[in-house]
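Engineer: The residues making up each chain are set out below.
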Amino acid sequence: MVESKQQWKAWVYLLPCLVLLAIFTVWPIINTVRMAFLENYNGLKEAGGETFRFGISNFTKVLEYKRFLQCLKTTMLLCVITVPVSTFLALLISVALNSIKVLQKPLQTIFFLPYVTNAIAIGMVFAAMFNIVGSFYGTENEIVVTAGIVNNVIEFFGGTRVNWINYGSTYLANMTVMVIYIVWNALPFKILILLSGLQSINKQYYDAAKVDGSSKGRIFWRITVPLLGPMLAYVIITGFIGGFKEYTSIVGIFGASMGPAHDAKRLNTMVGFIYDALASNQQGRASAAAIILFGIILVVTLINLRVSNRKVHY
Amino acid sequence: MKVVLQNLTKIFPNRKKGGEDVVAVNDFTFEIPDGKLVGLLGPSGCGKSTSLYMICGLQKPTSGKIFFGDIDVTALEPESRGVGLVFQNYALYPHMTVKQNILYPLQNLKGSDKMTKEQMLERAVEVAKIVQIDELLERKPHELSGGQQQRVAIARALAKMPRVLLLDEPLSNLDARLRLQTREEIRRIQRKTGITTVFVTHDQEEAMSISDMIVVMKKGVVQQIGAPQAVYDSPANLFVAKFLGTPPVNVFEGEVKSGKVWIGEDAVADASGIADRRVWVGIRPEGFILDPDGPLHCDLKAVEVMGRDVSVVSGNANCTAEMVRSIIDADQRKHISGDVVRFAVKPNKIFIFDRESEERIVLPGQEKIAEAIEG
Ligand SMILES: Nc1ncnc2c1ncn2[C@@H]1O[C@H](COP(=O)(O)OP(=O)(O)O)[C@@H](O)[C@H]1O
Ligand SMILES: [Mg+2]
Numbered sequence: 000m001v002e003s004k005q006q007w008k009a010w011v012y013l014l015p016c017l018v019l020l021a022i023f024t025v026w027p028i029i030n031t032v033r034m035a036f037l038e039n040y041n042g043l044k045e046a047g048g049e050t051f052r053f054g055i056s057n058f059t060k061v062l063e064y065k066r067f068l069q070c071l072k073t074t075m076l077l078c079v080i081t082v083p084v085s086t087f088l089a090l091l092i093s094v095a096l097n098s099i100k101v102l103q104k105p106l107q108t109i110f111f112l113p114y115v116t117n118a119i120a121i122g123m124v125f126a127a128m129f130n131i132v133g134s135f136y137g138t139e140n141e142i143v144v145t146a147g148i149v150n151n152v153i154e155f156f157g158g159t160r161v162n163w164i165n166y167g168s169t170y171l172a173n174m175t176v177m178v179i180y181i182v183w184n185a186l187p188f189k190i191l192i193l194l195s196g197l198q199s200i201n202k203q204y205y206d207a208a209k210v211d212g213s214s215k216g217r218i219f220w221r222i223t224v225p226l227l228g229p230m231l232a233y234v235i236i237t238g239f240i241g242g243f244k245e246y247t248s249i250v251g252i253f254g255a256s257m258g259p260a261h262d263a264k265r266l267n268t269m270v271g272f273i274y275d276a277l278a279s280n281q282q283g284r285a286s287a288a289a290i291i292l293f294g295i296i297l298v299v300t301l302i303n304l305r306v307s308n309r310k311v312h313y
Numbered sequence: 000m001k002v003v004l005q006n007l008t009k010i011f012p013n014r015k016k017g018g019e020d021v022v023a024v025n026d027f028t029f030e031i032p033d034g035k036l037v038g039l040l041g042p043s044g045c046g047k048s049t050s051l052y053m054i055c056g057l058q059k060p061t062s063g064k065i066f067f068g069d070i071d072v073t074a075l076e077p078e079s080r081g082v083g084l085v086f087q088n089y090a091l092y093p094h095m096t097v098k099q100n101i102l103y104p105l106q107n108l109k110g111s112d113k114m115t116k117e118q119m120l121e122r123a124v125e126v127a128k129i130v131q132i133d134e135l136l137e138r139k140p141h142e143l144s145g146g147q148q149q150r151v152a153i154a155r156a157l158a159k160m161p162r163v164l165l166l167d168e169p170l171s172n173l174d175a176r177l178r179l180q181t182r183e184e185i186r187r188i189q190r191k192t193g194i195t196t197v198f199v200t201h202d203q204e205e206a207m208s209i210s211d212m213i214v215v216m217k218k219g220v221v222q223q224i225g226a227p228q229a230v231y232d233s234p235a236n237l238f239v240a241k242f243l244g245t246p247p248v249n250v251f252e253g254e255v256k257s258g259k260v261w262i263g264e265d266a267v268a269d270a271s272g273i274a275d276r277r278v279w280v281g282i283r284p285e286g287f288i289l290d291p292d293g294p295l296h297c298d299l300k301a302v303e304v305m306g307r308d309v310s311v312v313s314g315n316a317n318c319t320a321e322m323v324r325s326i327i328d329a330d331q332r333k334h335i336s337g338d339v340v341r342f343a344v345k346p347n348k349i350f351i352f353d354r355e356s357e358e359r360i361v362l363p364g365q366e367k368i369a370e371a372i373e374g
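Residue numbers (numbering that gives the first Met the number 0), protein chains in the order written: chain A, 0 to 313; chain B, 0 to 374.
Certain hints may be false.
Below are the SDA-like pairs computed for lysine to any residue, each with C-alpha atoms no more than 25 Å apart in a straight line [unchecked claim]:
(1) K16(B) - P105(A)
(2) K217(B) - S171(B)
(3) K202(A) - K15(B)
(4) K139(B) - P225(A)
(5) K215(A) - H94(B)
(6) K139(B) - Y204(A)
(7) K139(B) - K100(A)
(8) K202(A) - H201(B)
(9) K100(A) - E76(B)
(10) K15(B) - P225(A)
(11) K218(B) - L197(A)
(12) K113(B) - R217(A)
(13) K139(B) - S213(A)
(14) K100(A) - N13(B)
One-sided and incomplete, this derived list gives chain A residues near chain B with beta-carbon spacing under 10 Å [to be verified]:
(15) Q203
(16) D206
(17) S213
(18) R217
(19) R221
(20) G228
(21) A232
Label pairs and their computed distance ranges (CB to CB) [claimed, not checked]:
(22) G68(B) - L91(A): 39 to 45 Å
(23) Q118(B) - I302(A): 51 to 57 Å
(24) F87(A) - N88(B): 52 to 58 Å
No wet-lab data here; the hints were simulated from the structure. For every residue, glycine included, the Cβ atom is placed at its ideal position computed from N, Cα and C.
Required output: the full structure, derived from the provided sequences and hints.
Structural biologist: Here it is, written out as structure tokens:
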């Protein structure tokens with residue numbers, strides 16, 4: 000413990016950091032709450048000297064807004080599908096990686112590549128792969144040539160091509176692409192965490208399980224998964240938090256229109272909604288949406304923690 | 000179930016180029032009689048654990064064979080051998096309760112051995128009672144003391160009624176008092192169940208106190224096998240003599256000359272019929288008799304009172320250690336006076352070993368070396 004006479008020194012050392020935190024983190028949070036609870040708040044009008052009454056109309060407007068509900072639905076869907084899928088895949092891959100001896104390091108590097116590559120760049124590559132025609136915005140009059148490698152593969156195996164992301168594509172097709180992209184993009188971080196978790200499990204548990212006559216599947220479910228519990232909880236919780244903030248990945252594939260050419264904003268997310276509100280100078284509405292998003296993330300994280308506390312602690 | 004080891008050898012190849020392979024166990028041949036408790040004894044790194052893991056099947060021998068009864072199990076996986084193993088640090092599954100830990104091996108049983116839920120629970124409670132942890136079934140391992148964890152580990156190993164029970168330094172994580180208590184308990188459990196048991200330890204006292212037979216190993220090579228008392232009374236070589244006994248045997252540079260064993264100028268024992276040569280002379284601490292006319296002269300350093308016995312600490316120029324430690328009856332103490340103590344030596348407590356090979360040379364009147372391993 001620092002002696003109390005010395006404590007002011009510690010505070011002095013912390014001061015620059017605290018000032019920056021106050022300006023760039025604490026104040027914006029407070030301000031967000033303030034703006035969310037001012038009726039029809041608008042930054043320009045405030046600058047013009049207008050004052051606003053306190054109220055909750057920002058929230059009711061946001062919740063009544065059809066676009067917002069669509070954003071909420073897309074975000075939720077992406078979260079609920081991609082987090083379990085990517086976690087399970089990452090678990091399988093890391094167990095496999097952990098059990099091989101040769102090529103473990105190079106494969107580890109390959110699996111880690113998406114993590115260090117720019118999300119927009121990867122999105123553009125995915126867009127090209129799932130494209131149906133030479134042009135990004137295909138129209139009905141254009142000559143349809145299958146340009147995307149995914150459709151090439153499908154046609155090679157005798158299937159019919161799917162309009163994944165272009166003009167006239169379905170919501171289901173769009174979401175499929177998004178799920179594949181997000182899962183693939185989420186794998187490296189999860190593999191990294193789970194692999195390091197696996198490597199820290201004492202080998203003797205496996206020796207003991209072998210003497211106890213445990214089958215491979217049983218060892219996986221009864222020994223490996225429970226012992227990885229803390230890592231799995233971490234990966235799932237951060238996965239959900241990241242999932243609720245999904246935005247860049249959709250811009251990467253669909254561009255700023257957040258949807259195929261005939262239905263822009265179809266795949267908009269919560270974060271996208273907040274950005275849009277900001278762009279149209281509706282800071283009050285944006286703040287309210289941000290607080291709703293915060294509330295959802297808080298609740299989901301608490302549930303996650305609750306479940307994992309029951310399962311993980313040993 | 001008797002266990003037979005035939006020329007068991009384990010070589011760990013060296014991964015670095017030019018490095019030497021590690022011969023962890025070298026040509027181990029031994030028959031463990033049915034229902035006996037055998038102590039595998041030796042300093043750290045001598046290949047005890049490796050031997051144990053080969054018996055249980057976690058490691059495959061480089062060469063040699065293992066039989067359980069008349070059946071060759073060398074190629075069998077651990078789960079088909081019917082062994083129970085207690086690891087050095089127990090390896091209890093930390094996320095399972097004591098009960099789940101004990102049930103786990105039972106839940107893995109296949110085919111005709113398959114048990115119903117009730118049978119499993121009954122068995123778990125039964126073995127928990129044997130090791131006296133039936134009060135702790137709902138606890139997690141981290142809520143148990145070291146001694147309790149150790150008993151859970153034994154219960155888990157016993158649960159599927161193994162034909163052979165293997166324990167790898169099971170007491171090394173316990174404090175001194177618990178160690179004493181638990182080793183008695185292991186003995187009791189082994190007697191009660193009658194399971195052939197191999198017990199690994201580097202603590203000679205532990206091995207001697209509870210084993211029916213001990214196997215002394217050094218650098219992968221078995222030095223001697225026999226009943227603890229027999230090995231103690233008649234060690235096969237200098238290493239075994241030094242390894243067994245506390246306080247340890249006193250070792251002197253000496254020689255055999257004209258039918259006598261000499262330490263310096265003192266002729267301490269009869270060696271008629273043995274050719275003249277340089278030897279190591281080992282005398283057990285309890286082998287000294289205070290005697291004003293005794294042949295061995297030592298410089299008195301201290302007398303430590305231990306109650307029933309007295310430990311006389313003295314010096315001798317030919318001793319390989321700083322001190323000669325002898326233990327004598329307290330009532331003999333009156334013979335101590337002056338700077339020099341003189342000892343006579345009990346003829347069955349003095350051993351001589353060839354100076355080069357360090358193999359024991361049996362003195363006239365001494366018993367032959369019991370079950371000694373050649374070479
Ligand atoms: N997996 C392994 N790879 C290489 N060398 C090993 C391995 N296991 C044990 N050894 C070596 O074999 C020798 C015997 O080890 P071990 O049986 O564990 O000794 P103990 O149990 O008697 O202390 C040691 O020299 C050790 O370094
Ligand atoms: Mg060992």
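Engineer: For each hint, tell me whether it holds in the structure or not.
Structural biologist: Okay, the hints, checked on the actual structure:
no.	hint	verdict
1	K16(B) - P105(A)	23 Å, holds
2	K217(B) - S171(B)	19 Å, holds
3	K202(A) - K15(B)	23 Å, holds
4	K139(B) - P225(A)	14 Å, holds
5	K215(A) - H94(B)	18 Å, holds
6	K139(B) - Y204(A)	15 Å, holds
7	K139(B) - K100(A)	34 Å, violated
8	K202(A) - H201(B)	23 Å, holds
9	K100(A) - E76(B)	21 Å, holds
10	K15(B) - P225(A)	36 Å, violated
11	K218(B) - L197(A)	33 Å, violated
12	K113(B) - R217(A)	16 Å, holds
13	K139(B) - S213(A)	21 Å, holds
14	K100(A) - N13(B)	17 Å, holds
15	Q203	4 Å, holds
16	D206	5 Å, holds
17	S213	5 Å, holds
18	R217	7 Å, holds
19	R221	7 Å, holds
20	G228	7 Å, holds
21	A232	13 Å, violated
22	G68(B) - L91(A): 39 to 45 Å	42 Å, holds
23	Q118(B) - I302(A): 51 to 57 Å	39 Å, violated
24	F87(A) - N88(B): 52 to 58 Å	32 Å, violated
When the structure is compared with the earlier hints, violations turn up for hints 7, 10, 11, 21, 23, 24 and for no others.
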